[in-house]
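**Q** Below are the chains, spelled out letter by letter.
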Amino acid sequence: MIRILLFTFVCLLKIGQTVAQEVPVAPVPVVPDSAAAAKAAEIKILAEKMFQSGLVQLAQKDYRAALADLDSAIAVKPDFEQALMGRATAWLELKEVDRAITDYDKVISLNSAHAQAYFQRGRAKVLLKDKKGAAQDFTQTIATDANHYQAYYQRGGLRFEDADYKGAIDDFSAVVKINPRNGYAYHDRGSAKRQLNDLEGALADYRKAVEVNPDIAVAYVNLGSLKQGKGDWTGAIEEYSRAIERKKDYYLAYNNRGRAKFEKGDFDGALADFTKSIQLNPQYAFAFNNRAAAKYKLKDFKGAVEDCNFALQIDSGYGYAYFNRGNAKEMLRDATACQDWEKAAALHVPAAKAYLTHCQEK
Amino acid sequence: MKKHALLLILSCALGQAVAQNVDFNKDNFKQDKDGFREAKKKLDAGDDIFAATSKKTDDSYRKKNYRNAIAPYVDAYKFNPNSAQLNYRLGVAYLFSDEKDKALPYLEKALKLNPAVDPELGFYLGRAYQVKLEWQKAVTEYRKYLATLPSGNHKTRMEVVNKSIRECLSGEKLEKKPLRVFFDNAGEQINSKYADLQPVISADETVMVFTSRRPADQEAKAKVDKEPNDDVYISYKVNGKWSTAKQLPEGINTEKNEAAMALSADGQRLIFSRDENGGNLFETVLKGNEWSKPEELGSEINTKDRESSAAYSYDGKTLFFVSDRPNGIGKGDIYFSTLDSKGNWGKAINAGPKLNTVYEEGHVFMMPDGKTLYFTSEGHSSMGGFDIFKSVLKNGQWSEPENVGYPLNTPDDDSFISLSANGRYGYIASSRNEGGKIDQDIVRVTFIGDEKPVILSAEDDLVAFAETRVAQPVAMPVIESKTPKTILVQGVVLDARTQKPLEAKVELIDNVKKEVIATVTSNSVTGKYLNALPAGKNYSVSVQKNDFLVHSQNFNLPANTAFTKIEKVVKLQPLDAGSVWALQNVFFAEGQAVLLPESMYELETLVEVLKDKKSLKAEMIGYTSEQADQLLAGSRAKAVADFLASRGINAKRLSSKATEATSTNALSQGLVELKLTGK
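As they're listed, the protein sequences go chains A and B.
Heads up, the first sequence stops at 362 in this note's numbering, and the numbers go up one at a time, no gaps.
Heads up, the second sequence stops at 1041 in this note's numbering, and the numbers go up one at a time, no gaps.
Treat the hints with caution; some may be incorrect.
Computed list of chain A residues with no C-beta within reach of chain B, every gap over 12 Å [claimed, not checked]:
1) Ala37
2) Leu46
3) Ser53
4) Gln60
5) Ser72
6) Glu93
7) Leu94
8) Lys106
9) Lys132
10) Gly133
11) Asp170
12) Pro180
13) Lys208
14) Pro214
15) Ser316
16) Glu342
Simulated restraints on C-beta separations [stated by the list, open to error]:
17) A/Cys359 with B/Ala951: 36 to 46 Å
18) B/Lys425 with A/Gly229: 49 to 59 Å
19) B/Pro835 with A/Lys177: 25 to 35 Å
20) A/Cys359 with B/Pro835: 23 to 33 Å
21) A/Lys248 with B/Gln382: 58 to 68 Å
22) A/Gly229 with B/Arg519: 49 to 59 Å
23) B/Pro835 with A/Leu94: 42 to 52 Å
24) B/Lys525 with A/Lys248: 51 to 61 Å
Think of the hints as simulated: they come from the structure by calculation, not from any bench.
We put the CB at the ideal spot given by N, CA and C, even for glycine.
Hey, can you work out the whole structure from these sequences and the hints?
**A** Right under this line is the structure:
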């Protein structure tokens, strides 16, 4: 996140006009006296010099050195908004989020119309999990700059997280109105529609997302999941494969494709995908549980028990893994299957209760 | 030119076949004349058996005799494995034995050596593929064989082949959706190295009676030339393990063949067959530790033809059995007979074309739910030989018999099953043996139901903004445990004073119909009683013995209740002053002192006891809780006393009162008890 902030900042600085538009420079006070004017010019030059040096350090990721230069620039010129913005970026990189926010506060106090300062402060607040404060800053960004689509996007994301899907859709719609090539906004709006059970709307947005940006791997995963929801397992597999093509280490996509293959009865294929998912993320309990399911169907009951054991080592409250282990143990005629079903039932897996009928019998 | 080419090809092909086939001809074994002589002797011995057996069309005869040709043929085969005829005959002999799966390689080799070795080769090859579950190959061979049959007088043979084709198609379907079962050999306490067959078990799976061909004693073992008789053996399950099987006593077992046929739910009534008069059914009853002298079932059941299987209904009032008597639908048909008012079996009635086929029906087993009949048949949708089927009686009609499925059923004969009341376990006789035993063993089958679905987890990243993952919907179908809708009521009856087991009459009463639906007797040595019956009725159990108070208890289980086991130790109190009879099957209208009709059976029993024991006085005590209405409890006690008076009991012998239930009799709240107050 901090890297993104830095990148954004440096980009904005490099593109002079953009910076001029989005980060207005505070007006230099007019000093009638010519000596005073000369002094002011000298201070400005000195501050500018330190500021430029700080930027170079930022670009070189030497944040401590950047801080020293920017501190100097700000010491010479305390109302130097760009230097304050730069220093906030350095603080963020050093995970000193509170100090970054202090600098953004300072910028805003100097210039209450500084949209980018509101925006960056909002993002810093996101890091502090201050969602409410962040949302207020994004709202203020938008109030200051009605075309700040990034603020709409960030606020939409926060609304999504708060399950305000309608609000999220409004924000993502605003993004694509301002920037019709923003594939992520289409994608996220699709997910908000999906949460409101508007599956056709979601499908259209996911499709639009990959149309404007074919590299959004997550969009293919969600397209796959929508197809899977319609029972189109073949279509789902194709979409998951596209996601994997674009993101080779996408363990979630491998897991989902494995599940789709499982549902199609391709248990060997499913097994291979779950194994790949585990290789990419050895802490992914879902893939262990699912591989156990594939092994169960392939009658490798011992292997299924082992994989459930791994899943339960990662997540001891994983009811499905207990349930599946019980099923595999039943086939191994291991009486502790009943204990697993009992545990699964206690972990809210209702199907397990039905299997306890014969557990008392010898 | 073409003609010459064809002849050349034919002679080459023939020459090749002839070159591979090596007949048992001394000219072919000039270098080993002694070996040939020995091998030929074996071959001739096998051929004699084979030829004699081939003349018979009776399958049971063939099964018994073809197998005897195997040993000499195997010896001959060691000398010359390339005789088409020997391969063919050895394959056929195996097909009629309990080692059917050995037949295929011989028949395939016979085909390779000489396709024309025998006109029946194609049929038996089809059969061998069928045994190996190679359904389509079997069908192909059967069809090729059909094409070789000349039109005209082969209608019967064609029907046999067409039936085999139908069996293969049925088997192919059944194999695709196998029954999920575990097979476990019943163990060395039950099985011997001889044939062990036809297990029947009690409803709680604690008693097993079966047939065994093992020699009974050393003397019999010494008679090597004589095959031992079939006798009936018994074993008890103690602490989950079967005891060493013991032969049932003389009187039941004789020099003739006896075979176990049916065991009552409580394991105290046994029907067995004896090869008398074509095969008749006998019944013996366990009294304490002694089995009674067997009685031949009546003339409605036994005929001069073979009666070969039997099953009691849950109430013991209907007998299902199999008989070869004439005018049936097929060779062996299922019949049933009900007890008349004098306790005799009534007219045997053919169970009809829904169950019986033109083929043979073999064995019957009735579940205690009162409606599910298991039986074996060569007809219906058999996958070969006898298969086990299930049919359910609904509104007086039997449902379409359903093949219980592979691998319980196989292309071989699967001709017997006995199930526990919970439907979870069954016993069969099977050749699924380990250790190379050829004869059948008794095998326990555990039914584990349909495959339990596994549950997979998947999730989606919903927004690119942050890690917002949601789990995908999970399919979680539940495979219901298909237990029979039966109740198992069991326990022991004890003398409350001495704690010794008592032989008592245990009646199961339908409270709504006010009639006894089943009566069993607790065993005098163990006190054990058991009955298995359908769920869905308001039952009471009444335990009675002379000079003891009647014990009664009510069970009301809804019709959709899964298998339920109720265990109850009944301690009968002697008819003495101070004894208390909890009238648990006396019911009142809600909040009123009005007796409900369901109470009548128990009240009438009470009347009988008081009429019989005129010296006794009875006090009715209506129990109430602290908060409840004392008046209602007193009125209910009085209602019982009034009823008894109305039925001729002197009112001076009767009194009633209400009392508060204490911690020791808290369960009596709302009930009425009868206390004997003096003689």
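**Q** Test the statement that serine 72 of chain A is away from the interface with chain B: the closest C-beta pair must be farther apart than 12 Å.
**A** Its Cβ never comes within 12 Å of chain B, the nearest being 36 Å, so this holds.
**Q** Just double-check lysine 208 of chain A for me: nearest Cβ-Cβ distance to chain B has to come out over 12 Å.
**A** With a cut-off of 12 Å, lysine 208 of chain A remains clear of chain B, as the shortest Cβ separation is near 14 Å.
**Q** Check the following: the C-beta atoms of lysine 525 of chain B and lysine 248 of chain A are separated by a distance inside 51 to 61 Å.
**A** holds (59 Å)
**Q** Is the nearest Cβ of chain B still more than 12 Å from the Cβ of serine 316 of chain A?
**A** holds (15 Å)
**Q** For the hint 42 to 52 Å, verify it against the beta carbon of proline 835 of chain B and that of leucine 94 of chain A.
**A** holds (43 Å)
**Q** Does serine 53 of chain A really sit off the interface, with its C-beta more than 12 Å from all C-beta atoms of chain B?
**A** holds (35 Å)
**Q** Quick check on a hinted range of 25 to 35 Å for proline 835 of chain B and lysine 177 of chain A, using CB atoms only.
**A** Once the Cβ atoms are compared, 33 Å apart, the range 25 to 35 Å for lysine 177 of chain A and proline 835 of chain B holds.
**Q** Confirm or reject the statement that proline 214 of chain A sits farther than 12 Å, beta carbon to beta carbon, from all of chain B.
**A** Nearest chain B Cβ is 14 Å from proline 214 of chain A, so the label holds.
**Q** Within 36 to 46 Å or not, the Cβ separation of cysteine 359 of chain A and alanine 951 of chain B?
**A** holds (41 Å)
**Q** Against chain B, does leucine 46 of chain A hold up as non-interface, every C-beta pair farther apart than 12 Å?
**A** At roughly 41 Å from the nearest Cβ of chain B, leucine 46 of chain A sits farther out than 12 Å, so the non-interface label holds.
**Q** Just double-check glutamate 342 of chain A for me: nearest Cβ-Cβ distance to chain B has to come out over 12 Å.
**A** holds (15 Å)
**Q** The hint says 49 to 59 Å between lysine 425 of chain B and glycine 229 of chain A; measuring C-beta to C-beta, is that right?
**A** holds (57 Å)
Figure legend: structure checked against the earlier numbered hints; every hint is met.
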